[in-house]
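Just so you know, the sequences run in chain order V and L.
Residue 1 is where the first sequence starts when you use our numbering, and the numbers rise one by one after that.
Residue 1 is where the second sequence starts when you use our numbering, and the numbers rise one by one after that.
Heads up, some of the hints might be wrong.
Unchecked claim - Here are the in silico distance ranges between beta carbons for each label pair:
no.: 1; chain 1: V; residue 1: V49; chain 2: L; residue 2: A54; range: 20 to 26 Å
no.: 2; chain 1: V; residue 1: D62; chain 2: L; residue 2: L69; range: 39 to 45 Å
no.: 3; chain 1: L; residue 1: N46; chain 2: V; residue 2: D62; range: 41 to 47 Å
no.: 4; chain 1: V; residue 1: D164; chain 2: L; residue 2: R57; range: 27 to 33 Å
no.: 5; chain 1: V; residue 1: V49; chain 2: L; residue 2: S58; range: 14 to 20 Å
no.: 6; chain 1: L; residue 1: M1; chain 2: V; residue 2: P255; range: 36 to 42 Å
no.: 7; chain 1: L; residue 1: D21; chain 2: V; residue 2: D62; range: 41 to 47 Å
no.: 8; chain 1: V; residue 1: N135; chain 2: L; residue 2: P76; range: 35 to 41 Å
no.: 9; chain 1: L; residue 1: T71; chain 2: V; residue 2: K181; range: 28 to 34 Å
no.: 10; chain 1: L; residue 1: N46; chain 2: V; residue 2: P163; range: 46 to 52 Å
no.: 11; chain 1: L; residue 1: T2; chain 2: V; residue 2: P218; range: 55 to 61 Å
no.: 12; chain 1: V; residue 1: V239; chain 2: L; residue 2: A10; range: 44 to 50 Å
no.: 13; chain 1: V; residue 1: V239; chain 2: L; residue 2: S58; range: 29 to 35 Å
no.: 14; chain 1: V; residue 1: S160; chain 2: L; residue 2: P15; range: 39 to 45 Å
Unchecked claim - Among the chain L residues that face chain V by a calculated CB cut under 8 Å, a handful are:
no.: 15; residue: P25
no.: 16; residue: G26
no.: 17; residue: W31
no.: 18; residue: S32
no.: 19; residue: S33
no.: 20; residue: I34
no.: 21; residue: L37
no.: 22; residue: Q38
no.: 23; residue: R53
Stated by the list, open to error - The list that follows gives simulated cross-link-like pairs (lysine to any residue, SDA-like), each with its CA atoms no further than 20 Å apart:
no.: 24; chain 1: L; residue 1: K35; chain 2: V; residue 2: P191
no.: 25; chain 1: L; residue 1: K35; chain 2: L; residue 2: P15
no.: 26; chain 1: V; residue 1: K190; chain 2: L; residue 2: L49
Please keep in mind that the hints were generated in silico from the structure rather than gathered at the bench.
Beta carbons: idealized from backbone N, C-alpha and C, even for Gly.
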Amino acid sequence: MGRRDAKASTGWEILGAGCAEGITLALDFDAVGRPEACFAELMPMLNPVRETWRAVQPQAADGVAPASSAYLEFWSSSLRERGTVIHAVLGFCAGALFAAALAERITQWQPAAPAVVLLDPERPTAATLLRQFDNAMRGLAAVTSSAEVAGAREAAGRLSDEPDLQLISSRLTALYGEVSKPAFTRLGLKPAFQDDLIASYEQLMSYLVAAAGTQPAPGLAAASTISSITPPCQSQTAVSWVAAGVDHAGLLRSPAVAAKVSELLGQ
Amino acid sequence: MTGFSELVAAVLDVPAADVTDETGPGTHEGWSSIKHLQLIVAVEDNYRLSFSRAEIRSLRTVGDLRKNLVTRGILP
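With the rest of the complex left out, here is chain V:
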């Protein structure tokens, strides 16, 4: 699978090569410059190393964010058509919800169920979306006036009791665009890349809303959970292991976590 073709047509791009049989799928949202470690850091530490595919994000159709079922169909259809043998499905944070649901779909055509490892699984809520927005504002504060950031935070805070995650997502995306666009211009970023970053933020919000809409997978109990010491951990699986001394941001770069994932995938 060529890297560019993979991204354009299959919902997956190759994260790394491997020698052992079967493909490992990694579900996560890897934003530019994020402080949290990513699967690209974890996978080379696994033993054995398997070819790993990272999920890419589906595009909004006519400006409408895809529903959780559309994400799952986007990722699963090419796997089903190709008959790709999936050894394991890994998911980080909100991606863990997609991982469990995707593994459930894979068992519909693959006799051997893939191993499922959930790393710091978290079902997004309004608080999750607001926390992501607050993190973004904290970063932008270095290149934005404190009044602008405070105004955006205040406007976001008024959404905390709003039950409609889609509405929160839309409002936060608009607020982010208003604050970030002039900040990116001041930073000297090219206009096309500015638009890319703002679109990426909108994709993140859509991804979180869609993850929140996933149904609990019936096979979830057979999965394994690895948690950092950072709350919240939402484990409903048979195996649950806490990575001592490792916080959420460092979970995917921890050698101890890599060893545990290797152990779980080897069973």
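Guided by the hints, dock chain L onto chain V, whose structure is given.
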């Protein structure tokens, strides 16, 4: 033209001696997505080059940046 380590140090606001190839989100507390972008812009300006969007997404640490500049023949 500013030296590579000095340039990174200035953006991250740390002594140049503290900058290593491992410096990144996992080792530098002040590393944020905006710092990351500031670093990319500073390197582009300093070396008069332009990273593609795909490159920007893949450059996660100072070591990644250095390797990219070595591949371009800019750094030894």
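Outcome of the hint check:
1. V:V49 - L:A54: 20 to 26 Å: holds, 23 Å
2. V:D62 - L:L69: 39 to 45 Å: holds, 42 Å
3. L:N46 - V:D62: 41 to 47 Å: holds, 42 Å
4. V:D164 - L:R57: 27 to 33 Å: holds, 31 Å
5. V:V49 - L:S58: 14 to 20 Å: Given a distance of about 19 Å, which is inside 14 to 20 Å, the answer is holds.
6. L:M1 - V:P255: 36 to 42 Å: With a Cβ separation near 38 Å, M1 (chain L) and P255 (chain V) satisfy 36 to 42 Å, so the hint holds.
7. L:D21 - V:D62: 41 to 47 Å: Holds: the Cβ-Cβ distance is about 45 Å, inside 41 to 47 Å.
8. V:N135 - L:P76: 35 to 41 Å: At 37 Å between Cβs, range holds.
9. L:T71 - V:K181: 28 to 34 Å: 32 Å Cβ-Cβ, so the 28 to 34 Å window holds.
10. L:N46 - V:P163: 46 to 52 Å: holds, 49 Å
11. L:T2 - V:P218: 55 to 61 Å: At roughly 58 Å between Cβ atoms, P218 (chain V) and T2 (chain L) fall inside 55 to 61 Å, so the hint holds.
12. V:V239 - L:A10: 44 to 50 Å: Once the Cβ atoms are compared, 47 Å apart, the range 44 to 50 Å for A10 (chain L) and V239 (chain V) holds.
13. V:V239 - L:S58: 29 to 35 Å: Holds, at about 33 Å.
14. V:S160 - L:P15: 39 to 45 Å: holds, 41 Å
15. P25: holds, 5 Å
16. G26: Holds - the Cβ of G26 (chain L) comes within 8 Å of chain V, reaching about 5 Å at its closest.
17. W31: With Cβ-Cβ at 6 Å, under 8 Å, it holds.
18. S32: holds, 4 Å
19. S33: Cβ of S33 (chain L) sits 4 Å from chain V, so the hint holds.
20. I34: At about 4 Å, which falls below the 8 Å cut-off, the nearest Cβ of chain V leaves the hint on I34 (chain L) intact, so it holds.
21. L37: Status holds, d = 6 Å.
22. Q38: The hint holds - Q38 (chain L) has a Cβ within 8 Å of chain V, the shortest such distance being about 6 Å.
23. R53: holds, 6 Å
24. L:K35 - V:P191: Holds. K35 (chain L) to P191 (chain V) sits at ~18 Å (cutoff 20 Å).
25. L:K35 - L:P15: The hint holds at about 16 Å.
26. V:K190 - L:L49: With Cα atoms ~13 Å apart, K190 (chain V) and L49 (chain L) stay inside 20 Å; holds.
Violation of the numbered hints given earlier is absent; every hint is satisfied by the structure.
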